[in-house]
Amino acid sequence: GPLVVLDNVKFAQYAEIVNFTLPNGTSRSGQVLEVVGSKAIVQVFEGTSGIDAKQTTCEFTGDILRTPVSEDMLGRVFNGSAKPIDSGPPVMAEDFLDINGQPINPHGRIYPEEMIQTGISPIDVMNSIARGQKIPIFSAAGLPHNEIAAQICRQAGLVKKSKDVMDYHEDNFAIVFAAMGVNMETARFFKADFEENGSMENVCLFLNLANDPTIERIITPRLALTTAEFLAYQCEKHVLVILTDMSSYAEALREVSAAREEVPGRRGFPGYMYTDLATIYERAGRVEGRNGSITQIPILTMPNDDITHPIPDLTGFITEGQIYVDRQLHNRQIYPPINVLPSLSRLMKSAIGEGMTRKDHGDVSNQLYACYAIGKDVQAMKAVVGEEALSADDLLYLEFLQKFEKQFIAQGAYENRSIFESLDIGWQLLRIFPKQLLKRIPESILAEYYPREAKAPAPQPAATAL
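Residues in the sequence shown are numbered from 12 upward in steps of one, following this note's numbering.
Treat the hints with care, as some may be off.
DSS-like, lysine-lysine: derived pairs with alpha carbons at most 27 Å apart [as the list claims (entries may be wrong)]:
{"#": "1", "residue 1": "LYS21", "residue 2": "LYS50"}
{"#": "2", "residue 1": "LYS65", "residue 2": "LYS50"}
{"#": "3", "residue 1": "LYS417", "residue 2": "LYS387"}
{"#": "4", "residue 1": "LYS94", "residue 2": "LYS21"}
{"#": "5", "residue 1": "LYS450", "residue 2": "LYS393"}
{"#": "6", "residue 1": "LYS387", "residue 2": "LYS450"}
Hints in this document: simulated from the structure, not taken from any laboratory.
Let's have the full structure, built from the sequences with the hints guiding it.
This is the structure we're talking about:
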């Protein structure tokens, strides 16, 4: 496996970095996992193939794993160990930071309250994301989660009350993208997408591909988050961190755990996987006294589309909601195939409403949820009793269900809807029902927004960059 056992070791420390020099002159690095008497167990990041037990020399550095960080890392591409792979010069480090980060005092955190407008209706209206939130995309093999993440990167901006045009990527916006165990096609897709929309100079890419060492996947997200923390808290940038694919990360964790012969937990994953995932996901948010923020969007592919699998299960406990990408919607050619019923944003309530988006936002979201859920029930009933047995109200819910999926959920990959356009589409669909069926919207809101010839709306705020 990826482990090496060293004997006759004196004063080795836990998590210390060890440098190996192979007989052919190449060097590798590893980290001490365990010290028993004079023996040390070291996990080698680049893998152990080719290491000769007799002729390889090793040196204990006496330090933990630190990564060089600098604002110059934006616009660059690194491998999973933070070495440049874009033929550019090495990065001149402004600082060397511990890749495990510093714990943030919970009292020093600021509650996320500014909504990020993604331009995607089911996210903006029904699962609004706040700046500083951690919200994963639950997807499965073969679904367009990469396209959705790329669209969020392209379009993410704050909802601001100003007359300016939408200026997406201003100076203090950055994206840190970490790929773990992805194929070349996915890496190329994201790189090309960032280059095409001109945001590459604000992006820092960490790529651990499927043919790179598995063990390296364990440090890749930590390197990415350390860079993001430097950009957010030292350079005061608003950073969007995309981590894909967290399932590959968890499998690498299982591999190391199996090599160490630890007692396995559910489905062979280690018992400490919850704690380990939390050390990654909790590195998001805002801190008092600093203008920057870290918003995390981890992507994970659920094995066999199973949301009860340990990886999505534990991720859902730690993060503040999830965006659920659905295979049935995808099979019906609906893009983005976001199923709003299992999706959730726990911080939505504090990021929407009057002064932030529009006063009808929360009520419209609740009513759309209620109508869609009833529509799904009616659809199931229709399969049993047939359309003739349905009441007039049931037929309205069926009509709503079809139009909701075709007009509200479905949109183009480059279509950027403002939150106000999305809310107006929501009202358009709710007008299918008579007023008395819209029980979740107060009378005052209905009187203002329900009539088709709505009063001239107040000047709408435009979105500025995240």
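Keeping to a limit of 27 Å between CA atoms, is the pair of LYS94 and LYS21 held or broken?
It is violated: about 30 Å lies between the C-alpha atoms, which goes past 27 Å.
Between LYS450 and LYS393, does the CA-CA distance stay at or below 27 Å?
holds (24 Å)
Given the hinted pair LYS417 and LYS387, is their alpha-carbon gap at most 27 Å?
Cα-Cα ~15 Å, so holds.
Against the 27 Å threshold, does the CA-CA distance of LYS65 and LYS50 hold or violate the hint?
holds (16 Å)
Does the structure keep LYS21 and LYS50 at a Cα separation of 27 Å or less?
Holds, at roughly 9 Å.
Taken at face value, is the distance from the CA of LYS450 to the CA of LYS387 at most 27 Å?
This hinted pair holds, its Cα atoms lying about 18 Å apart.
Violated hints amount to a single one, hint 4; each of the other numbered hints is respected by the structure.
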